[in-house]
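First to last, the protein sequences are chains V and Z.
Quick note: our numbering has the first sequence finishing at residue 471, numbered continuously throughout.
Quick note: our numbering has the second sequence finishing at residue 1111, numbered continuously throughout.
Note that these hints are calculated values from the structure, not bench results.
Treat the hints loosely; a few may be bogus.
[Said to hold, decoys possible] Residues from chain V shown here face chain Z by an in silico Cβ test under 8 Å; the list is partial:
hint, residue
1, D20
2, A30
3, V38
4, A44
5, A51
6, W56
7, A64
8, A67
9, V68
10, V75
11, V188
12, R189
[As the list claims (entries may be wrong)] Derived CB-CB ranges, DEER-like:
hint, chain 1, residue 1, chain 2, residue 2, range
13, V, Q450, Z, A1087, 53 to 59 Å
14, V, E454, Z, A1087, 48 to 54 Å
15, V, V446, Z, R1035, 48 to 54 Å
Here a beta-carbon is modelled for each residue, glycine too, at the ideal position from N, C-alpha and C.
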Amino acid sequence: MSGLLDTPVAASRLTVPPGDPAAVRALVAALRSARDEVGGTAGALGALPHAWQVPWQGVAATAAQEAVHGLAAAVRTVVHPLDVGAAALDRWATALEVARVEIGRLQRHADDLAADASRRRTALVREIEAAQAAPVTPQPLLGGSPGQAETLRMRLDVLDVEAAGDQHDVRRRAGAVTARLDDLALDVRRTLEQTRPPVYRGHRESFSDWRQRAISEALSQVPGLAEHPETVAAAVWAFMTAPQLASVGVGVFSKAKQLYAVRFVTGSTFTARSMPLGLRAAARLPWLEPFLGKGAIGESLLVGNAASRSMPLWTAAARGWEAASLETGLLARGSTLVQGVGVLRATGVVGGVVSTGVSLANVVAQGNPVDAFKENGAGYVADLAEVGFNASSTACLLAPNPVTAGAVVVTGVVWAGAELVDHWDDVTQLASDGLDTVADAADAAVDVAQAAGETAVAGAKKVGGWLNPFD
Amino acid sequence: MVRWESTATQTAGAGLREQGQVLAGAAGVVAAAGRTPPGTSGHAHVSAGLSEFAAYWEPFLVTTAQAADVLAQHVVGAGEAFAALDASLAGAAAPPAPAGPPAPPVAGTPG
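The shape of chain Z in the complex, shown without the other chains (with noise of 0.2 Å):
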């Protein structure tokens, strides 16, 4: 079964597009995190691993943002797509418009 109403989808793709923001904001912590200095983290060690688990998890959050991004993308797309197929159908089912007597000639003009 087909069914659809046009707010499920533009809802979907909102939800999408913001839970999308949150994990780039997410990433941005990560990456902020993996550039402390020794001077700040107190230890060359701890600096290496913070860049480290960045190095890692910052394209990891990254990613997932543009994915859900790209999914609010297709989500809004099939939207609209059964907006157009609607609108399409409706169209085609409608009665074609009467047709009305042949306009008077213009005077001046040939035929």
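Isolated chain V (complex conformation) (with noise of 0.2 Å):
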């Protein structure tokens, strides 16, 4: 028996995170060491034609020169990349040593643990056979406290429990660590990937925040705006996807105001005073109009009579169904219904298929959906929703009932809910700096105006000039 309770308690095996910090370090001293010979081949290029300005002349040594700076320049533009490549490899490096250590020490303390476990263990396990070995002393039969070695055996229950829980909680922060490595290994990819021109698609990268990349960074060429990329970026993202979350926002609002009227509207058919005052009130303002029609859906889905508040939701749905199936003559007659389904669906069916098969596009390209959930996180749930989102507003559009109508509003909820939290840096970015970039911006459109203005007066005074013969 001794020999099945002695058992020693394991220590966990964690695993070093492979890899050789040193070799990093080299890496980063070449790549810095290439920084430095390609800035001043870049230099010396530039200074080569200033050497035969004087004893060289004439067309060719023009046309030398002109080739021979256009090189300067196509060179110079390695230099930031090589940079930013040794500076990322050496966060790296940093990073990979730091928790090389950490896991080592890790490890030791998962070893102590289990060998002061072990002993802890191993002496209770002792006083259990000196329990057992000692004479019974007789119990009595009600109230009793248990003896002593079945208190010594609950003992061991305790620390063996206790001794699991010290080496899953060293196994959890070992896991922390290398949840860590992970993101910043994922971080340095993608740095090293923007080094290169917007025209490369990142890794995993969605088709949408590509082309947000794509035009960030031509706009960041524009004076003014240089000094605010972040801006930029956050700038584009809100124009891009602002009439995205306003068309979600109206659908959801609808759909919204559907299903309450399923749900908890009494009286033989819908009605607009059935809704609260507020809904009301939005509803009849004249530019939401176009966005959501009359009701005319909910009128469809409100064919039930009085009994509709404690109508299961499947038999709405079973009625709203066939009411919608009447509705295809407004359809064909094509002007309430299409009123009614707000932006997405008044591009209709096949507006609403290529916009769900856009989306879901954007989301096959960013690969395996585990991994693409792990490494783009909020941005991957809120691609997913816009799929969602899509197919159901095209699905309610063919067949308008409190699920589709239920899916889109969750779907949509989620959307706008995840895009928001994705970007939530630009949303503050935004709001910190989007006053100064404007104002930046402003001041270099007044200054390149300027320079335009000047070029033109000493222009038309060139001319001037030409045509006064006493100039």
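The two chains are supplied separately, each in an independent frame; assemble them into the complex guided by the hints.
What follows is the structure, encoded as structure tokens:
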């Protein structure tokens, strides 16, 4: 028995992150050396034509000068990427080193904990054996305390649980170290990728993010905006996403309105008076009419009667389906139904199918869903929810019922929420730096206009000089 | 105005070749970085990032190195063309060689 009980507590075997920080640092040094050499080359190439300005002049000399200047400019573009790459790798080498040390420390800690637990366990086992060998004392029949051996066994169980908990805690901390390292590795990869022109799509980068990055980088070349690349990126996201979020808001609002009516409104037909005052007022705003319509779908969903309050949702769905089939006439006449389905639906079923296909391609482009979720987080959730929203909006257009309307509401809320979570940095960036960026862009625009004006004035004077024989 | 001295193009050509070699060396460093295996870098993402980095920048650096070399050839070629032109012009400007007395007939040959 003692052999069975006196089992040492096993220490967790932690995996030390692979890699050679010294080799990575050597790579960093090589890249920095290459950066310096390339920088020196750019400078030397730029200076080369000055050396022949006096002894070599003429058309060939000018052509050679321009070619060498162009080459120097091309070479200069490599300096920054080499610098960025070396800095990213340096960061990685440090993190790798720290993680390896940390995992080693945790492994020693796990070993110490296991050894300590094993010692205590052995002592307890000995005590249990001694208690079992001792003569048995009679126990009271009722209300008696357990015997000493039983108490010690309970303490042994507690010790085992605590030891397992300690080992679990060590594994959890090691897992956190590895997860941080994984995140940094992904960040290093993306940093290295982004040294290339934006025409190259990044690892698991969605099409929409890729498009936004390309536009942001192009806009960052505009005078006045170059100093605010992050704000420019945030503004591009806002401009491209705001219309989508607006359509989501409208879709969610209109479907929520209809679902509210299905579930709670009593009476033979749906009427605007059944809605809360705020919603009724909002629905009556003239500018909302093209988006919300007159509640035609809601009416179709509400062919129920006084029993609709207690009507199960599925029954209401069946009634709604039936009513929707009646509304195909409305669709054929192309009036109320199309108005009532919001911006996306106004493009019709074809538009909905295309939107679904595009958003699906956006998701598929990010590859394996598990890895994409791990690497893109809320952004991937937003992209998935976008597919769901577009698909359910299209389905709701074809078959308006509480299920499809509910799907629109859920996916729309998830999409908008995940989009905001994923781009919260952009929102705060716009809030903090947006006005400064606009001011700088305006100043730069004034400078450009002034320069253009001065050039025009100088040109006009020159033309005037040509035209004036007395000048 | 056209002006040319032979040392100018020779120096420029040599300078361009030298910078081309430096660029080729940097391309080699980048290519080596791109071949770093995950076992050395410590993570598949880092190795993949380096590989993608090298896949773009190594050919870029190789192209600039080749461009420097081609430019050097053109500059040196221009210098050689100028030198040939100079030599040709110098030859045209030089006075013709004076005509000497006719060679005496060699015995035993006809005429």
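Here's how the hints hold up against the structure:
1. Annotation: D20 of chain V was flagged as interfacial toward chain Z, and the flag holds, the nearest CB pair being 5 Å apart, inside 8 Å.
2. For the restraint placing A30 of chain V at the interface with chain Z, the shortest Cβ-Cβ distance is roughly 5 Å, inside the 8 Å limit, so the hint holds.
3. Against a cut-off of 8 Å between C-beta atoms, the interface hint on V38 of chain V holds, since the closest Cβ of chain Z lies about 5 Å away.
4. At a threshold of 8 Å, the smallest CB-CB gap from A44 of chain V to chain Z is about 6 Å, leaving the interface hint in force.
5. For A51 of chain V, the interface hint holds, the least distance from its beta-carbon to any beta-carbon of chain Z being 7 Å, beneath 8 Å.
6. Evaluation of the W56 of chain V hint against chain Z yields a held restraint, the C-beta minimum of about 4 Å falling below 8 Å.
7. Taking 8 Å as the C-beta cut-off, the interface hint given for A64 of chain V holds, the closest approach to chain Z being about 5 Å.
8. Restraint check, A67 of chain V versus chain Z: the minimum CB separation of about 6 Å is within 8 Å; hint holds.
9. For V68 of chain V, the shortest C-beta to C-beta distance to chain Z is roughly 6 Å, which falls under 8 Å, so the interface hint holds.
10. A distance limit of 8 Å between C-beta atoms decides the matter here; for V75 of chain V the minimum to chain Z is near 5 Å, and the interface restraint holds.
11. At a threshold of 8 Å, the smallest CB-CB gap from V188 of chain V to chain Z is about 5 Å, leaving the interface hint in force.
12. Checking R189 of chain V against chain Z by beta carbon gives a least distance of about 3 Å; that is within 8 Å, so the hint holds.
13. Range check, Q450 of chain V to A1087 of chain Z: Cβ separation about 55 Å, and the 53 to 59 Å hint holds.
14. Look at E454 of chain V against A1087 of chain Z: about 51 Å separates their beta carbons, and that is inside 48 to 54 Å.
15. Between V446 of chain V and R1035 of chain Z, the C-beta spacing of about 51 Å keeps the proposed range 48 to 54 Å intact.
The structure fails none of the hints (numbered hints given earlier).
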